[in-house]
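Given the coordinates of chain A, assemble chain B onto it according to the supplied hints.
Order-wise, the sequence lines are chains A and B.
Every number in our numbering is 3 more than the matching position in the first sequence, counting from 1.
Every number in our numbering is 6 more than the matching position in the second sequence, counting from 1.
Bear in mind the hints are in silico, worked out from the structure with no lab data behind them.
Keep in mind that the hints are not guaranteed to be accurate.
Heads up, simulated DSBU-like pairs for lysine-lysine below, C-alpha to C-alpha not over 35 Å straight-line [claimed, not checked]:
| hint | chain 1 | residue 1 | chain 2 | residue 2 |
| --- | --- | --- | --- | --- |
| 1 | B | LYS26 | A | LYS40 |
| 2 | B | LYS61 | B | LYS72 |
| 3 | B | LYS20 | A | LYS40 |
| 4 | A | LYS45 | B | LYS72 |
| 5 | B | LYS70 | A | LYS45 |
| 6 | B | LYS20 | A | LYS71 |
| 7 | B | LYS20 | B | LYS72 |
| 8 | A | LYS102 | B | LYS26 |
| 9 | B | LYS70 | A | LYS59 |
| 10 | B | LYS47 | B | LYS61 |
| 11 | B | LYS20 | A | LYS74 |
| 12 | B | LYS70 | A | LYS74 |
| 13 | A | LYS45 | B | LYS20 |
| 14 | A | LYS71 | B | LYS72 |
| 15 | A | LYS102 | B | LYS72 |
| 16 | A | LYS40 | A | LYS59 |
| 17 | A | LYS45 | B | LYS47 |
| 18 | A | LYS59 | B | LYS61 |
Simulated restraints on C-beta separations [said to hold, decoys possible]:
| hint | chain 1 | residue 1 | chain 2 | residue 2 | range |
| --- | --- | --- | --- | --- | --- |
| 19 | B | PHE45 | A | VAL73 | 38 to 46 Å |
| 20 | A | GLU18 | B | SER60 | 47 to 55 Å |
| 21 | A | SER43 | B | PRO14 | 12 to 20 Å |
| 22 | A | ASN30 | B | LYS70 | 32 to 40 Å |
| 23 | B | LYS61 | A | HIS75 | 47 to 55 Å |
| 24 | A | PRO115 | B | LYS70 | 45 to 53 Å |
| 25 | B | PRO14 | A | GLN79 | 32 to 40 Å |
| 26 | B | GLN66 | A | HIS75 | 24 to 32 Å |
| 27 | A | SER55 | B | ASP33 | 27 to 35 Å |
| 28 | B | SER15 | A | SER15 | 23 to 31 Å |
| 29 | B | LEU82 | A | SER55 | 41 to 49 Å |
Note that the Cβ used here is the ideal one computed from N, Cα and C, for glycine as well.
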Amino acid sequence: GESVGLHLPTLSVQEGDNSIINCAYSNSASDYFIWYKQESGKGPQFIIDIRSNMDKRQGQRVTVLLNKTVKHLSLQIAATQPGDSAVYFCAEIVTGFQKLVFGTGTRLLVSP
Amino acid sequence: GAVVSQHPSRVICKSGTSVKIECRSLDFQATTMFWYRQFPKQSLMLMATSNEGSKATYEQGVEKDKFLINHASLTLSTLTVTSAHPEDSSFYICSARDGQGINSYEQYFGPGTRLTVT
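Just chain A, same shape as in the assembly (with noise of 0.2 Å):
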């Protein structure tokens, strides 16, 4: 369904850490999902995605991990670094609908 979030969930990290950033999707019939960062006063960015028939796969430094058992999504950044700190969306699409519904987000803060 669609996500109205009164507050962004907070994820504080070092430098060179990895982050693990989770979503919970809403709708089991998504097929394609996409992880997305947003800095602030920007729009999105694609970052990676991954089709339902995967389980993971990996980017440079990213790498995102499906779980449709429990409709869960999750990404993994690794050496974070201080320009990795924004908020990051995770969107699920069905196919055939032509629109993403975005999860609630996660502000990402990367302290040297």
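Here is chain B on its own, set in the frame of chain A:
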């Protein structure tokens, strides 16, 4: 990569006036464009989906007579906020889908427009 622009980036208007926001796909043809609204510390909420040459499809609770959407070409969609009120103050973001792309689900997002109604 695919680039989507929005204009203006920021706009301040008086209550009761109308404001037009443009969304352009710069290097691809966008068969479908989406308009989102984002309030502070909240997620993106889809307002409407527009397909080139046809009427927009609005999400439940979004007033189509207040938020006018025009998608007259494959590279341009406009959102007009009519008779704006302070509660319409928000961050408006568009996205565009490249119907010819390999991954036809991917949406490319614009940088957003900050609307402040005084």
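Hint consistency between LYS70 (chain B) and LYS59 (chain A) [alpha-carbon to alpha-carbon, up to 35 Å]: At roughly 40 Å apart (the allowed maximum being 35 Å), LYS59 (chain A) and LYS70 (chain B) break the hint.
Satisfaction of hint between LYS20 (chain B) and LYS45 (chain A), Cα-Cα up to 35 Å: 24 Å, holds
35 Å limit on alpha-carbon distance, applied to hinted pair LYS71 (chain A) and LYS72 (chain B): Distance ~39 Å between LYS71 (chain A) and LYS72 (chain B) Cα, so the pair is violated.
LYS102 (chain A) paired with LYS72 (chain B) [C-alpha distance capped at 35 Å]: 21 Å, holds
Range hint compliance [Cβ, LYS61 (chain B) to HIS75 (chain A), 47 to 55 Å]: 37 Å, violated
Hint check for HIS75 (chain A) and GLN66 (chain B) - Cβ pair distance inside 24 to 32 Å: 27 Å, holds
Consistency of beta-carbon spacing, SER60 (chain B) to GLU18 (chain A), with hint 47 to 55 Å: 49 Å, holds
Whether the CB-CB distance between PRO115 (chain A) and LYS70 (chain B) falls inside 45 to 53 Å: 48 Å, holds
Restraint check for LYS20 (chain B) with LYS40 (chain A), where alpha carbons must lie at most 35 Å apart: 32 Å, holds
Range hint compliance [Cβ, ASN30 (chain A) to LYS70 (chain B), 32 to 40 Å]: Roughly 25 Å apart at Cβ, these two residues miss the hinted range, so it is violated.
Hinted pair LYS20 (chain B) and LYS71 (chain A), Cα distance within 35 Å: Violated, because 48 Å separates the two Cα atoms, which is more than 35 Å.
Outcome of range test on Cβ distance (SER15 (chain B), SER15 (chain A); 23 to 31 Å): 30 Å, holds
Checked against the numbered hints above, the structure violates hints 6, 9, 11, 14, 18, 19, 22, 23, 29; every other hint is satisfied.
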